[in-house]
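Take each chain as given, in its own frame, and dock them per the hints.
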Amino acid sequence: MSKEYNDAQLIAACRKGQDWAWDMLVERYKRLVYSIALRAGLDEADAADVFQSVFTTLLENLPTVHAPQGLAAWLITTARRTSWNVLRRRNRELPESLVEPNSAESNRPAEEWLLHGHLDESRWADQALVREALERLGGRCKELLWLLYYDPDEPSYEQISHRLNLPLGSIGPTRARCLQKMRKILQAMGMDGA
Amino acid sequence: MRRHEVHFTNLIDWLDNQLSAEERQRIEAHLANCPTCQRDLAWLQRVVQAARSDDTVAPPAEAVAQVKALFRAHKMQLAQREQRWVRMPRFAFALALTLVLLISIAVYLSRVPTLFAREATLAMMEGTIEMQRSGTGKWQAADMGEILHEGDGIRVVDGTATIALFEGSVLGIQQGSELVFSVMRSGLFGATYNVVLQQPAGEVDYNVAPLRSSLCRFEAYAPTVRVAVRGTRFVITVQDQKQTQVTVLQGRVEVTSATTKTVLTEREVAIVPANAPLIYLPTLTPLPTPEPSVSKTPLLTSSPTVAVLPSPSAIDMSPAPRGEGSHRTATPPSVTTHPMPSETPTPSTSVTVTPTLPLRGNQVLFQGTIESFPPRLLGLWTVDGQTIVVTPRTQIRGTPEVGRQARGTALAIAAQPLMALEIEIEEPQLGETPLPSPTPQLGPHPVRTPQPGLGPHPVRTPQPMLTIGPGQWPSPVITLPAIRTPQPMATLLPRRTPQWAPTPPSVPSPQPSASPEATTTPLATEFTEATPTPLPTWPTSPGPQPRR
Numbered sequence: 015m016s017k018e019y020n021d022a023q024l025i026a027a028c029r030k031g032q033d034w035a036w037d038m039l040v041e042r043y044k045r046l047v048y049s050i051a052l053r054a055g056l057d058e059a060d061a062a063d064v065f066q067s068v069f070t071t072l073l074e075n076l077p078t079v080h081a082p083q084g085l086a087a088w089l090i091t092t093a094r095r096t097s098w099n100v101l102r103r104r105n106r107e108l109p110e111s112l113v114e115p116n117s118a119e120s121n122r123p124a125e126e127w128l129l130h131g132h133l134d135e136s137r138w139a140d141q142a143l144v145r146e147a148l149e150r151l152g153g154r155c156k157e158l159l160w161l162l163y164y165d166p167d168e169p170s171y172e173q174i175s176h177r178l179n180l181p182l183g184s185i186g187p188t189r190a191r192c193l194q195k196m197r198k199i200l201q202a203m204g205m206d207g208a
Numbered sequence: 156m157r158r159h160e161v162h163f164t165n166l167i168d169w170l171d172n173q174l175s176a177e178e179r180q181r182i183e184a185h186l187a188n189c190p191t192c193q194r195d196l197a198w199l200q201r202v203v204q205a206a207r208s209d210d211t212v213a214p215p216a217e218a219v220a221q222v223k224a225l226f227r228a229h230k231m232q233l234a235q236r237e238q239r240w241v242r243m244p245r246f247a248f249a250l251a252l253t254l255v256l257l258i259s260i261a262v263y264l265s266r267v268p269t270l271f272a273r274e275a276t277l278a279m280m281e282g283t284i285e286m287q288r289s290g291t292g293k294w295q296a297a298d299m300g301e302i303l304h305e306g307d308g309i310r311v312v313d314g315t316a317t318i319a320l321f322e323g324s325v326l327g328i329q330q331g332s333e334l335v336f337s338v339m340r341s342g343l344f345g346a347t348y349n350v351v352l353q354q355p356a357g358e359v360d361y362n363v364a365p366l367r368s369s370l371c372r373f374e375a376y377a378p379t380v381r382v383a384v385r386g387t388r389f390v391i392t393v394q395d396q397k398q399t400q401v402t403v404l405q406g407r408v409e410v411t412s413a414t415t416k417t418v419l420t421e422r423e424v425a426i427v428p429a430n431a432p433l434i435y436l437p438t439l440t441p442l443p444t445p446e447p448s449v450s451k452t453p454l455l456t457s458s459p460t461v462a463v464l465p466s467p468s469a470i471d472m473s474p475a476p477r478g479e480g481s482h483r484t485a486t487p488p489s490v491t492t493h494p495m496p497s498e499t500p501t502p503s504t505s506v507t508v509t510p511t512l513p514l515r516g517n518q519v520l521f522q523g524t525i526e527s528f529p530p531r532l533l534g535l536w537t538v539d540g541q542t543i544v545v546t547p548r549t550q551i552r553g554t555p556e557v558g559r560q561a562r563g564t565a566l567a568i569a570a571q572p573l574m575a576l577e578i579e580i581e582e583p584q585l586g587e588t589p590l591p592s593p594t595p596q597l598g599p600h601p602v603r604t605p606q607p608g609l610g611p612h613p614v615r616t617p618q619p620m621l622t623i624g625p626g627q628w629p630s631p632v633i634t635l636p637a638i639r640t641p642q643p644m645a646t647l648l649p650r651r652t653p654q655w656a657p658t659p660p661s662v663p664s665p666q667p668s669a670s671p672e673a674t675t676t677p678l679a680t681e682f683t684e685a686t687p688t689p690l691p692t693w694p695t696s697p698g699p700q701p702r703r
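Going line by line, the protein sequences match chains A and B. Positions 15 to 208 (our numbering) are the ones given, in order, by the first sequence. Positions 156 to 703 (our numbering) are the ones given, in order, by the second sequence.
Next comes chain B alone, as it looks inside the complex (with noise of 0.2 Å):
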């Protein structure tokens, strides 16, 4: 207490009333003006008043002792009690926190794509893959298992590749072609990703898997354009740098160019060059049943009575100026036209064939004696000296056998081999001597020479079908791309080919021709089967049937 001029002590006797007059008025006149000594006294009037009014009375000496026992007794139970009300709260606070932020933090690493980076995996492989590591530059030997990074590339110097992508995408890579990975990133738990694949060259079939969520990307880009996908599958095809095709087998995907931004759907095909619009080529769609057609002419003949187009190294490589047609001719284009269908077909002496279907586009027609054909059915064939590229997409009716007789009908893009969509071959009529073919067999094939694509046949003289108008083909001349040998992915990737009229024409058994002696001289695009594997099933020929 601060010493005043008025002391506790003398507030007691004031508040006891032990003051002379003149001494309880010094203090009063004091207490008006000192806060100090009213908060003293006021708390001397507190106790004191507490001290004289208690009258409180103490209970039984027993009742304190049993009421002091009971704690002994429950003490246990309350210490418990408190460290559960005291931690329970915390921790269940605390747990409760953490699982709230470590679930916002996943639900947030999840959502962005590109934080984590994956892998893909060379799966199969058939000849000489080349890969490259991001950065190093330089080309090295692939093997089966491969795991390719981000940034890796990868080239199919002669057989095929299968790469499989971490998020369940499978390429089809062919020959000659290339391929970079140049985004392979997803989020957290792989809930969302960005793939975005280069195509410098060559072939490649996208079997993507479907996206997970609109967070997720997948894009190829090729030089003429870019894939971004929707659907499932597709197949870009770069013909040259200011050219590229693009098919849907299966989804949608988004095709965008320098000057064109579309969707492509399921079975659409559309070439994009580098500065002009989007070219349509004929859809995969399946085809009407067709008109009832019957010819009972002979379709055998040595001479093809198809146009095609001439053979790629007949093909004048000297650019063209932009935006004029120009007839794809051959240096010396010499080819029989064929009635366009819209012509009435002209008999010949060589056998009129007449579609089983109405073409459409550029599809033509095509017959002859089957000279060569791959051991694995898919690749380059040769009839009557002509190169048909047989694809998985491409439905074949009979046996094949060198010196049979097959007729079918292709596609005929620009400057390259007619890609067969369906192929009929003649079965030998009983009591026939059976032409000499040998069955399929690994290694080299025996072809007929000359080799096509080296000039004129003795027989017969290719000619392109098309009239190539102006506006339609944008120029240069397309250089093909190195043969390829699109491989059966069977093991894979589901196969789905177009389901065409399923029944064949009737025709007359075949007249065997006289095929020159097979030589043994290869093609040098043909390929060697390293390890056989499962070939497509084809449908059965259901034999000589009268035509629809």
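Bound conformation, chain A alone (with noise of 0.2 Å):
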């Protein structure tokens, strides 16, 4: 298993201009930034775009980034302007009232969102590093754990010990271990309270 790095730790080696640590900030979130994007109503093109805009945004802005230990919400605010940005450009007649809570147009899905999501933002970073860690898990762990928690079936303990060839009753057990082995790579990747 690769050694985790936490979010300052790789701001630095960026800074210093070290690829690996670019592609592991792109690959932890990635999925963070488009779906931000994509959950403010734009299509996967304009996602896209944002996705890219907002990664170059970081690029830039490494060298002077002061809140290695916030990047999570660094990333989410820049990607929630700069979907507010294209949703402007593509929605002209979109009220200046969006920003009231109460004004008719924040009954529409994505507005809502972007002005309410804020609450939203803790489990987020929390899922881009729970998907880092079960991918850095690997193996039979990463299949269980994904079947458990993450398959949109939600197989039964038989569907998996069937899948898995493993005893019914060990399922618990090696759930237990690698939610601990999880739990250590979370704490490595600096994720709080683990």
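Treat the hints with caution; some may be incorrect.
[Said to hold, decoys possible] In silico DSSO-like pairs for lysine-lysine, Cα to Cα no more than 27 Å straight-line:
id, chain 1, residue 1, chain 2, residue 2
1, B, K397, B, K416
2, B, K223, A, K17
3, B, K223, A, K30
4, A, K30, A, K17
5, B, K223, A, K156
6, A, K198, A, K17
These aren't lab readings, by the way, just hints derived from the structure by calculation.
Structure below.
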């Protein structure tokens, strides 16, 4: 298993020109940024533009980013702002009252999300880290935890036991061991509370 | 994870609602009292919630590849900017801090006037000069260019010496004088300095460079006085261990003695006794325009009509009670008194000299035949057997020649030769046989015997001019210092001569008197000129003019 790095360490390595650090950052937060643009109602092309724009902005501001501990929050804010600008360019009739929570326009899902989505920011940051930790786990743990927590079909223990050729009675203990491994990975990656 | 009665697996099952009711209650009861399990459960909830709510979508692979490629293109710039950002502030801060520190240190060191020992240089010399290195106690011959350090001493056995100090001051040390460089120090860059000199004997002309700041100090100590320089040029004459004369030629000096502290300004002259108040001598200030006074009386005579003080060797050397005024009489005193300026001039068979300028204080008139004078004019003249001291401050009109008639005014200071203020030399009339007077030459100068001060002159008898009243002069009788021949330091020092009334009196042509044949007996006090130096430019005599 490769070594885990937190956001501050990756930022520092990027400033020194380390390609692998930048790649790791992109992989960690690509879903986060892209999904924010999609949730804002942008199509895939615009979302891809937002994704590239946000990381380009990060690249340009790498030397002066003062909150490496809050990189996820910075990416979320930048993605929001960029998505909002794209939306305004696409929907020129969007009224200024959009910022008012009680305006009629705020009933539209995308705008509402952009207005109130900040409540989910911490979960979005956790999502990126947990998914990366899952990738780092690999092997049987990755498969098990994926089936237990990510599979949209939500298979049962019996199905999991059958799929993984794992005794039914060992799913629980195996899951526990895998989660404990993930906890260590998440601690190294800077997830607070881990 | 610590081993609890509730395992991590139990927490997972509790979270997934995989437990029986009894197990659930047991775990909940445990959770209520176990912070560790509470923390573990919170973490589990966070991770499980993040995993189960993750509906994020990955961007297209091309977009990801493009974003990754961006970094490759910019990473060189990033690395350089990172180094600048990391180094520049640190470097700039360190540089600024170092500069501030260096400047602070330099400013402090420049304001401490005693940090660095400095030197003086024997810039010019004539005759025999000796120096004493600090701590050696031995006097040795000094050469031109000798470097003198703090604590060294210098003395002029015969001749003169000119010392250049590190801060620009120039000292003229006369024959028979001694000087010790007690303190010669400066701060960084020489902005501040301390100079303390000790003059135990003789006469030194101090031409002090202007003080560079209030932190600078220049002081000269003589037996009875401390002179602190505020101005530029002054002369200290150590008359003896109990009396010192200070003459300020330019600027101001602070004079401190055991009983007095005062400031002497430009051209003031004072004698500083050991334990008595200062005695102010006539200043060197220009005299006002004289009243017109014409005298047709021949002035030439072989007998001086001016009262002079007895020559030094005839002075009673016995100390007189302090505070009592006493006549500075010779042994035996026998002088002809001169009519005081306030008195009506008494005609006599000898010539009556009417001063061209009103006399002041201790000024007297003199007149007679020039019997001898130094080749460079500065030093001891003999006029009708009377010793007259010509200094750089003396204004001479006419061409000095042995045998010519001269008259002038002089300062009479107790027990010292007259110090000439002005001398006017008669020019020979047309057709007259010039006096057989050789021009000044190097080497011993022909003079008329007897030597001055060796007894009363066969022609005239000097008598004290002044009446020394109580409290005027302190006792004891002053001992003359060694005869000095002040050298014109025209090449180093600016010469300042007071501006006297320019118009000389109109006098008839002089009648040559029978001059004794000159002998070649040199004066014991004469000096030999080693190398001729440029003479000062004396004002040329405008010729006989009507007296104003």
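Taking the hints in turn, this is what the structure says about them:
1. B:K397 / B:K416: This hinted pair holds, its Cα atoms lying about 16 Å apart.
2. B:K223 / A:K17: It holds: about 20 Å lies between the C-alpha atoms, which stays within 27 Å.
3. B:K223 / A:K30: Within the cut-off at roughly 16 Å; holds.
4. A:K30 / A:K17: 18 Å, holds
5. B:K223 / A:K156: Cα-Cα ~26 Å, so holds.
6. A:K198 / A:K17: Holds, at about 11 Å.
Taken one by one, the earlier hints all hold for this structure without exception.
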